[in-house]
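**Q** Sequence:
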Amino acid sequence: MEIQLGEYNVKCEIIHKNNKNIYFRFNEDGILSITCNRFVSSREIEKLIKKNEKSLLRLYANYLHKQEIDSKYHYLGDSYTIIFDENVKKINIIDDNLYAKDEKMLAKWEKNECIRIFQERINAILNNFTNIPNFSLRIRKMKTRWGVNNVTKRIITLNSELLKKDVTLIDYVIIHELCHFYYANHSSNFWTEVEKRYPYYKLARKRLRVE
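Residue numbering for the sequence shown follows my numbering, beginning at 1088 and increasing consecutively.
It is worth saying that the hints were derived from the structure and are not from the lab. Quick caveat, the model's predicted, so the values are computed rather than measured. A virtual CB, placed ideally from N, CA and C, is assigned to each residue, including glycine. Errors might be hidden in some of the hints.
Unchecked claim - Derived lysine-lysine pairs resembling BS3-like cross-links, with alpha carbons at most 27 Å apart:
(1) Lys-1230 / Lys-1195
(2) Lys-1107 / Lys-1137
(3) Lys-1195 / Lys-1177
(4) Lys-1138 / Lys-1153
(5) Lys-1191 / Lys-1240
(6) Lys-1251 / Lys-1191
(7) Lys-1159 / Lys-1134
(8) Lys-1138 / Lys-1159
(9) Lys-1191 / Lys-1176
(10) Lys-1251 / Lys-1293
(11) Lys-1153 / Lys-1195
(12) Lys-1240 / Lys-1177
(13) Lys-1230 / Lys-1191
(14) Lys-1198 / Lys-1240
(15) Lys-1098 / Lys-1134
(16) Lys-1098 / Lys-1137
(17) Lys-1159 / Lys-1228
(18) Lys-1230 / Lys-1240
(19) Lys-1230 / Lys-1251
(20) Lys-1177 / Lys-1188
(21) Lys-1283 / Lys-1293
(22) Lys-1251 / Lys-1177
(23) Lys-1188 / Lys-1137
(24) Lys-1228 / Lys-1191
(25) Lys-1107 / Lys-1153
(26) Lys-1228 / Lys-1188
(27) Lys-1107 / Lys-1134
(28) Lys-1195 / Lys-1251
(29) Lys-1188 / Lys-1138
(30) Lys-1176 / Lys-1159
(31) Lys-1134 / Lys-1188
(32) Lys-1137 / Lys-1159
(33) Lys-1228 / Lys-1198
(34) Lys-1283 / Lys-1240
As the list claims (entries may be wrong) - What follows is a set of in silico ranges between Cβ atoms, one per label pair, in the way DEER data are often shown:
(35) Glu-1100 / Asn-1179: 37 to 43 Å
(36) Ala-1271 / Asn-1184: 40 to 46 Å
(37) Asp-1182 / Met-1229: 30 to 36 Å
With these hints in hand, go ahead and build the complete structure from the sequences.
**A** In structure tokens, the structure reads:
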């Protein structure tokens, strides 16, 4: 079943439940789900759609806007439109587009980019430190932290989601974790060490919370 909403042809599905009211919502595929009692006629549904057309159009516009945002790929602080093409041999970034063969190719490239960029930034930043022990780098996706330093085991773990952020924010997280080799806490002495190497650390922390 399809309906006309303004300039859009929208697919619909009717879900029968023991509801007293009729509910409209757009699912993740952009299909309008209409939940109603089995005794509600098609004619009644059509009338309600017509009556609530403006509200449904707003809901559909919100869905389209979300789809547009979700389709953007963030890499080092910039946004790109992902274009999947089976003929692509390697990841290419041209203007505002990122070309990949498929999700598998993109995931492999992301993993390699995390290793390459994070290690490059660590090597550069270490020039501003002394007496840092040898440590291992691990990369994984984390929900609540951008980085973790296990001082005892000498392992720094960086969040793979940092690849989406610009390099200045990646640098802040690395500096933050390296400073934990001096102070395994968040004392005033620790923040003094961070500030020596990253004077605008408070702004970086704020950006990581809100961006």
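**Q** Now tell me, hint by hint, if it's right for this structure.
**A** Hints, verified against the model:
1. For the hint pairing Lys-1230 with Lys-1195, the CA-to-CA distance comes to about 20 Å; that is within 27 Å, so the pair holds.
2. Note on Lys-1107 and Lys-1137: the hinted pairing holds, with a Cα-Cα distance of about 20 Å set against a maximum of 27 Å.
3. Among the hinted pairs, Lys-1195 with Lys-1177 is consistent with the structure: their alpha-carbon atoms are about 11 Å apart, no more than 27 Å.
4. Pair hint Lys-1138 plus Lys-1153 holds up; C-alpha atoms about 25 Å apart against a cutoff of 27 Å.
5. Between the alpha carbons of Lys-1191 and Lys-1240 the distance comes to roughly 32 Å, so the proposed pair goes past 27 Å and is violated.
6. The hinted pair formed by Lys-1251 and Lys-1191 meets the criterion: a straight-line CA distance of about 18 Å does not exceed 27 Å.
7. Between Lys-1159 and Lys-1134 the alpha-carbon distance is near 37 Å, which puts this suggested pair outside the 27 Å criterion.
8. A hinted pair counts as satisfied when its Cα atoms are at most 27 Å apart, and Lys-1138 with Lys-1159 does not qualify at roughly 34 Å.
9. Between the alpha carbons of Lys-1191 and Lys-1176 the distance comes to roughly 12 Å, so the proposed pair stays at or under 27 Å and holds.
10. For the hint pairing Lys-1251 with Lys-1293, the CA-to-CA distance comes to about 16 Å; that is within 27 Å, so the pair holds.
11. As the CA atoms of Lys-1153 and Lys-1195 are separated by approximately 26 Å, the hinted pair is consistent with the 27 Å bound.
12. Of the supplied pair hints, the one linking Lys-1240 and Lys-1177 is violated, its CA atoms being roughly 37 Å apart against a limit of 27 Å.
13. Restraint check for Lys-1230 and Lys-1191: the C-alpha separation of about 22 Å stays at or below 27 Å, so the hint holds.
14. With a CA separation close to 23 Å, the supplied pair Lys-1198 and Lys-1240 stays within the 27 Å bound.
15. In summary, the hint linking Lys-1098 to Lys-1134 is supported, as the alpha carbons are separated by about 17 Å, within the 27 Å threshold.
16. Between Lys-1098 and Lys-1137, the direct Cα distance comes to roughly 15 Å. Compliance with the 27 Å bound is thereby established for this hinted pair.
17. For the suggested pair Lys-1159 and Lys-1228, the alpha carbons sit about 19 Å apart, so the restraint of at most 27 Å is met.
18. Distance hint between Lys-1230 and Lys-1240 is fulfilled; the C-alpha atoms sit about 22 Å from each other, no more than 27 Å.
19. At most 27 Å may separate the alpha-carbon atoms for a hinted pair to count; Lys-1230 and Lys-1251 meet this at roughly 14 Å.
20. In summary, the hint linking Lys-1177 to Lys-1188 is supported, as the alpha carbons are separated by about 7 Å, within the 27 Å threshold.
21. Restraint check for Lys-1283 and Lys-1293: satisfied, since their Cα atoms lie roughly 18 Å apart, inside the 27 Å limit.
22. For a cut-off of 27 Å, the pair hint linking Lys-1251 to Lys-1177 stands: about 19 Å separates their Cα positions.
23. Pair hint Lys-1188 plus Lys-1137 does not hold up; C-alpha atoms about 42 Å apart against a cutoff of 27 Å.
24. Proximity of Lys-1228 to Lys-1191 is assessed by CA-CA distance (about 17 Å); at most 27 Å being required, the pair is judged to hold.
25. With a C-alpha separation of about 30 Å, the suggested pair Lys-1107 and Lys-1153 falls outside the 27 Å cut-off, and the hint is violated.
26. As the CA atoms of Lys-1228 and Lys-1188 are separated by approximately 23 Å, the hinted pair is consistent with the 27 Å bound.
27. With a C-alpha separation of about 17 Å, the suggested pair Lys-1107 and Lys-1134 falls inside the 27 Å cut-off, and the hint holds.
28. Restraint check for Lys-1195 and Lys-1251: the C-alpha separation of about 15 Å stays at or below 27 Å, so the hint holds.
29. At most 27 Å may separate the alpha-carbon atoms for a hinted pair to count; Lys-1188 and Lys-1138 exceed this at roughly 45 Å.
30. At roughly 21 Å between alpha-carbon atoms, Lys-1176 and Lys-1159 fall within 27 Å of each other, so this suggested pair holds.
31. Restraint check: the Cα-Cα separation between Lys-1134 and Lys-1188 comes to about 45 Å, which exceeds 27 Å; the hinted pair is violated.
32. A C-alpha spacing of about 33 Å is found between Lys-1137 and Lys-1159, which places the hinted pair above 27 Å, so the restraint is violated.
33. A distance of roughly 11 Å separates the Cα atoms of Lys-1228 and Lys-1198; the hinted pair therefore holds under the 27 Å criterion.
34. About 26 Å separates the Cα atoms of Lys-1283 and Lys-1240, which keeps this hinted pair within 27 Å; it holds.
35. The beta-carbon spacing between Glu-1100 and Asn-1179, approximately 39 Å, falls within the hinted interval of 37 to 43 Å.
36. Taken as a hint, the range 40 to 46 Å holds for the pair Ala-1271 and Asn-1184, whose Cβ atoms sit roughly 44 Å apart.
37. Between Asp-1182 and Met-1229 the CB atoms are about 32 Å apart, so this pair conforms to the stated range of 30 to 36 Å.
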